[in-house]
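Novice: Top line first, the protein sequences correspond to chains A and B.
Take 150 as the starting number for the first sequence in this note's numbering and just add one per residue.
Take 87 as the starting number for the second sequence in this note's numbering and just add one per residue.
Hints should not be assumed to be uniformly reliable.
Claimed, not checked - A few chain B residues that face chain A, going by a derived Cβ cut-off under 7 Å, partial list only: (1) N111; (2) L255; (3) V257; (4) F259; (5) F260.
In case anyone wonders, no lab produced these hints; they're calculated from the structure.
Everything numeric in this text was worked out from a predicted model, so none of it was measured.
In this text, a Cβ means the ideal position worked out from N, Cα and C, and glycines have one as well.
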Amino acid sequence: MIFRPPPPEVGYVLVGVIAALAVASLVTATLRARRPDKDYTEVTARVRTWWVIVVLFGGAMLLGRGASLVFFAFASFLGLKEYLSLIPTRRADRRVLFWAYLAIPAQYALVYMEWYGVFIIFIPVYMFFLLPTRALLVGRTEGFINAMATLHWGLMTTVFSLSHAAYLLVITLSDPPRVTPHWPSEQGAADPGAGLLLLLVLLTQANDVAQYLWGKSIGVRKVAPKVSPNKTWGGVIGGVATTIVLAALIGPALSLLDAPRALLAGLIIGVAGFFGDLSMSALKRDLGVKDTGTTLPGHGGVLDRVDSLSYAAPLFFHYVYFLY
Amino acid sequence: MNHTLRYLFFALVVRPVALVVIGLNLRRRELLPRKGPALVVANHNSHLDALVLISLFPLRDLRRVRPVAAADTFCNGGWSEWFARQIIGIIPLDRKLKDRHTDPLRGVVEALEQENIVILFPEGTRGEPEQLCEFKTGVAHVAKRFPEAPVTPVYIHGLGKALPRGEALLVPFFCDVYVGEPIHWTGDRTAFMDQLQERMSALAEELGRPAWV
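Using the sequences and the hints, build the whole thing.
Specialist: Structure follows, in structure tokens:
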């Protein structure tokens with residue numbers, strides 16, 4: 150159970166990603182050599198961090214479910230810690246925050262146990278009531294509602310959302326599924342989750358990159374200038390279109406989605422990813438910070454990287470869940 | 087100090103906790119002294135302060151890095167005193183003046199004579215979490231005795247949230263450590279203390295995080 154490797158198509162796509170990264174490294178190295186006057190430290194750091202992320206994530210996927218769950222649990226931990234370090238917190242809430250952190254192993258244990266019924270309500274219902282109750286026992290009412298609301302928002306964004314990506318790994322089809330699955334391989338039929346997860350993460354990150362590149366190329370009119378000056382209509386439309394095309398091409402090869410359904414998945418991920426990024430920008434504006442942290446050199450914090458995934462994961466998950 | 091156990095403690099416990107459970111946001115680590123005699127001066131909010139600061143130095147320099155700690159807290163006999171002296175490697179400092187003939191900073195002076203890097207907390211106490219108190223002048227006395235030793239100010243934020251005074255439960259919070267340019271003994275005690283206090287305030291302002299209530 151713990152060390153079962155994923156289906157071959159997952160391996161092929163991972164190799165493809167590594168190849169793309171190698172090209173990126175080569176390009177940045179060439180740029181640094183050709184133009185020593187221009188500052189390429191940020192791009193270089195960005196690519197280097199991508200290497201670390203891909204190796205860790207790819208390695209976790211190749212090692213199987215247990216490793217992947219640990220990876221996502223750790224990502225949730227880093228995200229929640231970053232969030233709680235960023236927002237104003239009350240000293241009186243220290244113990245409450247400790248319980249909030251305990252929700253992480255609990256939630257991922259529920260994924261491991263494939264206990265969907267509790268997985269889907271543990272944070273929105275149980276933690277939602279439990280944490281304010283613990284705060285009541287401390288008894289500091291000044292700033293109570295603010296503290297509880299921001300805490301829950303953080304738990305939902307960093308733990309609940311990301312755990313949906315992890316749950317893809319243990320998803321099982323209903324009998325019969327609403328839509329006939331289109332299996333990419335024999336092993337893919339036995340283990341549909343890995344391909345779906347890789348597809349989600351790949352499309353989410355590709356969407357981020359595509360929106361950025363399109364924005365730089367053709368973006369003029371800003372989408373939400375008060376929230377984020379970097380998002381332009383050109384970037385969004387170009388990026389989402391790229392994601393849709395990519396989804397239609399890779400989706401059927403990697404997962405049980407057929408081309409039309411993969412197309413729709415691409416649309417969902419593209420739009421959700423955009424709004425996830427935007428909402429994190431709004432949070433940063435509110436707090437007056439440029440980056441959520443410094444854990445990922447070249448990218449900022451973990452939340453900066455994971456914000457689009459946190460919106461895309463539950464929506465993609467429930468899309469798949471509904472279909473199959 | 088039990089050097090082997092100390093090494094293992096910092097390599098296997100302190101560093102993983104500081105880097106993973108807590109998480110460091112470090113600026114200008116290169117300004118930390120590489121060799122003694124040297125003083126590292128930091129604000130104090132938590133028992134974790136000294137541990138995190140020591141873990142910033144390369145493990146091969148571990149022998150030379152020693153924090154000052156209050157004798158009345160850490161030298162009360164038993165297991166905790168053994169741990170403080172042997173594993174953390176503290177230089178005990180008597181905060182209560184017993185008589186005018188014993189120099190409370192004697193331990194610090196001896197350590198500096200042995201070319202150690204001494205970590206000092208001029209606030210003298212952990213105080214309220216994430217609030218800066220006025221500095222005590224002991225550091226000036228030491229700097230005067232060792233004018234060639236650089237005094238490196240370091241501002242730490244976040245450990246007072248992770249483990250404040252009076253708590254035993256560690257709650258993960260990212261910790262900011264901002265290292266400042268080292269200063270040297272200027273010849274005048276008041277000017278030196280003013281400069282040190284000013285540097286710390288500048289580092290705190292560079293970070294720009296509000297007080298924690």
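Novice: Compare the structure with each hint and give your call.
Specialist: Hints versus structure:
1. Below 7 Å, beta-carbon pairs count as interface contacts, and B/N111 has one with chain A at about 5 Å; its hint therefore holds.
2. A least Cβ separation of about 6 Å between B/L255 and chain A falls short of the 7 Å threshold, and the interface hint therefore holds.
3. For B/V257, the suggested interface contact is upheld, since its CB lies about 5 Å from the closest CB of chain A, less than 7 Å.
4. Proximity of B/F259 to chain A holds as hinted, the smallest CB-CB distance being about 5 Å (cut-off 7 Å).
5. Hint on B/F260 holds. Least Cβ distance to chain A is approximately 4 Å, under the 7 Å limit.
No hint from the list above goes unmet by this structure.
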